[in-house]
Amino acid sequence: DTAVSQTPKYLVTQMGNDKSIKCEQNLGHDTMYWYKQDSKKFLKIMFSYNNKELIINETVPNRFSPKSPDKAHLNLHINSLELGDSAVYFCASSQDLGADGYTFGSGTRLTVV
Amino acid sequence: DAKTTQPNSMESNEEEPVHLPCNHSTISGTDYIHWYRQLPSQGPEYVIHGLTSNVNNRMASLAIAEDRKSSTLILHRATLRDAAVYYCIPYNDYKLSFGAGTTVTVRA
Numbered sequence: 757d758t759a760v761s762q763t764p765k766y767l768v769t770q771m772g773n774d775k776s777i778k779c780e781q782n783l784g785h786d787t788m789y790w791y792k793q794d795s796k797k798f799l800k801i802m803f804s805y806n807n808k809e810l811i812i813n814e815t816v817p818n819r820f821s822p823k824s825p826d827k828a829h830l831n832l833h834i835n836s837l838e839l840g841d842s843a844v845y846f847c848a849s850s851q852d853l854g855a856d857g858y859t860f861g862s863g864t865r866l867t868v869v
Numbered sequence: 002d003a004k005t006t007q008p009n010s011m012e013s014n015e016e017e018p019v020h021l022p023c024n025h026s027t028i029s030g031t032d033y034i035h036w037y038r039q040l041p042s043q044g045p046e047y048v049i050h051g052l053t054s055n056v057n058n059r060m061a062s063l064a065i066a067e068d069r070k071s072s073t074l075i076l077h078r079a080t081l082r083d084a085a086v087y088y089c090i091p092y093n094d095y096k097l098s099f100g101a102g103t104t105v106t107v108r109a
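Chains as they are written, first to last, in this note's numbering: chain A, 757 to 869; chain B, 2 to 109.
Isolated chain A, as found in the complex (with noise of 0.2 Å):
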């Protein structure tokens, strides 16, 4: 069983389209994430939620919206898709707000044509 597992992989798009990511957790974790890591290789953190309680909001475009609908579950809706937002994003998961470490999943490549 993955422990944290994306859905989908791959996600091709084209400009200006709303899509969304799925992340699922079976670690039994309260806080889950989203990086994003673009062409460069950073990894940056975009949200936190703890208890489907959302507790970063790092500086993302309003495009970007999350949704904890348990705690085992972190979904990312993007609405109007820009060129820019072609990278890969990694979901994870921790207990406690992460101060023993993250489990990561194998993130979704998005490209946007």
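Source of the hints: derived by calculation from the structure; they are not laboratory data. None of these values were measured; they are calculated from a predicted model. Be careful, since some hints might not be right.
Partner residues are not named here, just some residues of chain B that face chain A (Cβ under 10 Å, in silico) [to be verified]:
{"hint": "1", "residue": "H35"}
{"hint": "2", "residue": "V48"}
{"hint": "3", "residue": "D94"}
{"hint": "4", "residue": "S98"}
{"hint": "5", "residue": "G100"}
So these bits of chain A aren't anywhere near chain B, every CB distance computed over 10 Å [unchecked claim]:
{"hint": "6", "residue": "L767"}
{"hint": "7", "residue": "N773"}
{"hint": "8", "residue": "N782"}
{"hint": "9", "residue": "L783"}
{"hint": "10", "residue": "K808"}
{"hint": "11", "residue": "P822"}
{"hint": "12", "residue": "D826"}
{"hint": "13", "residue": "L853"}
{"hint": "14", "residue": "T867"}
Heads up, simulated DSS-like pairs for lysine-lysine below, C-alpha to C-alpha not over 30 Å straight-line [claimed, not checked]:
{"hint": "15", "chain 1": "A", "residue 1": "K800", "chain 2": "B", "residue 2": "K96"}
{"hint": "16", "chain 1": "A", "residue 1": "K765", "chain 2": "B", "residue 2": "K70"}
{"hint": "17", "chain 1": "A", "residue 1": "K827", "chain 2": "B", "residue 2": "K70"}
{"hint": "18", "chain 1": "A", "residue 1": "K792", "chain 2": "B", "residue 2": "K96"}
{"hint": "19", "chain 1": "A", "residue 1": "K792", "chain 2": "B", "residue 2": "K70"}
We put the beta carbon where it would ideally sit given N, CA and C, even for glycine.
Dock chain B against chain A, hints included.
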């Protein structure tokens, strides 16, 4: 956020130890030091973390300087599967902020 400085790249021979240095001179007294690695086309993977004492696990050892301004990740016997980008990250404000990391190449 505390800043870290790591070498851009390091090379090692298979079966030899690898010592990866990290400077984090602005780290606060309560920030844990985390190390992660990212293999090609994969998500980051937790390696080890510590606060003040040296730490060991099945993957690696972490040696933390007494003044906590630097640390060294030690891979005891490098294998080809250890080729990855290694990140040293002070954990603070409930998040991990990744830097550029060190790209480790392992020669057969």
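Evaluated hints:
1. H35: For B:H35, the interface hint holds, since the closest Cβ of chain A sits about 7 Å away, which is under 10 Å.
2. V48: holds (9 Å)
3. D94: holds (8 Å)
4. S98: Holds. Min distance 7 Å.
5. G100: Given a least distance of 8 Å, the restraint on B:G100 holds.
6. L767: Answer for A:L767: holds, closest chain B Cβ roughly 16 Å.
7. N773: Since the minimum Cβ distance to chain B is about 25 Å, A:N773 lies beyond 10 Å and the statement holds.
8. N782: holds (16 Å)
9. L783: Non-interface label stands for A:L783: nearest chain B Cβ at 12 Å, farther than 10 Å.
10. K808: Nearest chain B Cβ is 16 Å from A:K808, so the label holds.
11. P822: A:P822 clear of chain B: closest Cβ-Cβ about 14 Å, beyond 10 Å.
12. D826: With a cut-off of 10 Å, A:D826 remains clear of chain B, as the shortest Cβ separation is near 20 Å.
13. L853: violated (5 Å)
14. T867: A:T867 clear of chain B: closest Cβ-Cβ about 15 Å, beyond 10 Å.
15. A:K800 - B:K96: holds (10 Å)
16. A:K765 - B:K70: violated (39 Å)
17. A:K827 - B:K70: violated (36 Å)
18. A:K792 - B:K96: holds (14 Å)
19. A:K792 - B:K70: At roughly 28 Å apart (the allowed maximum being 30 Å), B:K70 and A:K792 satisfy the hint.
This entry does not satisfy hints 13, 16, 17, going by the numbered hints stated previously.
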